[in-house]
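For the protein sequence lines, the chains are A and B, in the order given. If you read the first sequence in the numbering used here, its first letter stands for residue 2, the second for the next number, and so on. If you read the second sequence in the numbering used here, its first letter stands for residue 45, the second for the next number, and so on.
These are computed hints drawn from the structure, not numbers from a lab. Keep in mind that the hints are not guaranteed to be accurate.
Said to hold, decoys possible - Straight-line distance between alpha carbons at most 25 Å, and here's what the computed BS3-like set of lysine-lysine pairs gives:
{"id": "1", "chain 1": "A", "residue 1": "K393", "chain 2": "A", "residue 2": "K303"}
{"id": "2", "chain 1": "B", "residue 1": "K63", "chain 2": "A", "residue 2": "K211"}
{"id": "3", "chain 1": "A", "residue 1": "K220", "chain 2": "B", "residue 2": "K63"}
{"id": "4", "chain 1": "B", "residue 1": "K63", "chain 2": "A", "residue 2": "K238"}
{"id": "5", "chain 1": "B", "residue 1": "K50", "chain 2": "A", "residue 2": "K211"}
{"id": "6", "chain 1": "A", "residue 1": "K393", "chain 2": "A", "residue 2": "K329"}
{"id": "7", "chain 1": "A", "residue 1": "K211", "chain 2": "B", "residue 2": "K53"}
{"id": "8", "chain 1": "B", "residue 1": "K53", "chain 2": "A", "residue 2": "K201"}
{"id": "9", "chain 1": "A", "residue 1": "K216", "chain 2": "B", "residue 2": "K50"}
{"id": "10", "chain 1": "A", "residue 1": "K364", "chain 2": "A", "residue 2": "K329"}
{"id": "11", "chain 1": "B", "residue 1": "K84", "chain 2": "B", "residue 2": "K106"}
{"id": "12", "chain 1": "B", "residue 1": "K48", "chain 2": "A", "residue 2": "K211"}
{"id": "13", "chain 1": "B", "residue 1": "K63", "chain 2": "A", "residue 2": "K216"}
{"id": "14", "chain 1": "A", "residue 1": "K238", "chain 2": "B", "residue 2": "K50"}
{"id": "15", "chain 1": "A", "residue 1": "K246", "chain 2": "A", "residue 2": "K216"}
{"id": "16", "chain 1": "B", "residue 1": "K50", "chain 2": "A", "residue 2": "K246"}
{"id": "17", "chain 1": "A", "residue 1": "K194", "chain 2": "A", "residue 2": "K9"}
{"id": "18", "chain 1": "A", "residue 1": "K238", "chain 2": "B", "residue 2": "K53"}
{"id": "19", "chain 1": "B", "residue 1": "K53", "chain 2": "A", "residue 2": "K246"}
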Amino acid sequence: MTSKINQKMMALAGDQAVAYAAKQSDVDVVAAYPITPQTIIVEQFSEYVANGEVETEFVCTESEHSAMAASLAASVTGARVFTATASAGLALMHEMLFVTSGCRAPVVMAIANRALSAPLNIHGDHSDSMAQRDSGWIQMYAENSQEAYDLIIQAFKIAENTDVLLPVMVGLDGFTLSHTLENVETLPDDAVKQYVGIRKISTVLTHEGKQSPFKLDPKNPMTMGPIALQNYYFEFKRQQEEAMKNALNVIQDVNNNYGTSTGRTYGNGLVDAYYLEDAKVAVICLGSTAGTMKTVVDKLRKQGIKAGLLRIRTFRPFPMEAVRSALKNVKAIAAMDKSMSFGGNGGPVYHEIRHALYDSASKPFIVNYIYGLGGRDTSPAKLSTIYEDLQKILEKQTIEDPIKYLGLRE
Amino acid sequence: MTSKYKNWKDIAPAGVCSKSSTTFLTGDWKTYTPIRDLEKCTRCLTCVMFCPDGAIRWLPDKKDIEFDMSFCKGCGICANECPTKAIKMKL
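Looking at chain A on its own, in the form it has when it is part of the complex (with noise of 0.2 Å):
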């Protein structure tokens, strides 16, 4: 595919990608607050600000949960938003997560993935957005700073259609992508700025009988979100549901045209699979960690092992269908979990995979690999041993152990 825009290549680091795609988007209201390694994207977005380079309205918030509750107050008068944290930054925005998720306000956040404490550590893992998995919030995973860029833009068309109204997290590794420089093709302002467009607001009917745009406005007075007790509130969380399958389609579709213009798509926009139709043996990872794999998978190939890879680009909403169909052919599948569900017998990428496959008729073998917590190094001849042992699981015809560190001292 290739590109109909000139495009100019820049060396940015994970962070200056989103913190530029934001400024690119022609951004209302940023409230935000500090958190590494997220820091460098409000740092940057703060300078654009004082520079005059955007006309964007930014809050110096005290704390994280009034970034969130000042992101969803503004999104909700039909403003576009844009925020970033991690870690324990996310962990605060807890309560006010699902707050922006039920009033269907459409933020795009960066999470500059980091662990969660105790003990305290600064580094990458997938602790802090798994832990809001269920808040309502659509979840996408870059693999390098060039995805982490082209998410930001594509992630206000997700979240702003009016089929879909639902806030957007974007997951970048903290540190391996946050911190790293890369080139990254760039459009120029003026195309992001057509290509996003301007916010379109639904119609909702009001108290009064009548159909009024769904934002909050002085001039047309309508109450989000207050209360809703057993009658109700249900109805409100199914809601949510759909929204949530429209955006399988919706993130498809913008996969699809981003590319047409910028010549760069992500395989479907839910999965991103690499040498899986005749794969015997698949590994399925999240983030900057498929890049990796893809070299491992590019080694193995040339020994003539049928190595294959997925990468989960969209995690929520789960993409079911299309897991289902990538891995029709694979005999036997590895589920890689950068963070841990205590006590729940593997990690959430391994939960969703199983649930997933359990009623494919294929019913390959699949076993789970903890790694990478608290940033802990993942070479590629650790990753290889992954593709070794599911050799083996094929041979032997059964798994010895589904739950298995890699990288762990034992």
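Assemble chain B onto chain A, guided by the hints.
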């Protein structure tokens, strides 16, 4: 199953209210009711200021106050704040 309530496809998103808040009467939440001693009351309007629900009104024509029992939740703040102890809360 038929219901007097609408299904999830027919309601506005985000809990947008289908009725004005003035039509949701909340006065029946109360356990205690404010009773005013007209002799002790000096019409100082302290209770009007303090009522968290705006359920006490000043009527300029009558030069008097009025409790709106459709919204009074019986919290007793008026009785607590009244400088002449003219309001008592009754079960």
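Q: Would you list, in rising numerical order, the hints stated earlier that this structure does not obey?
A: Result: no hint breaks.
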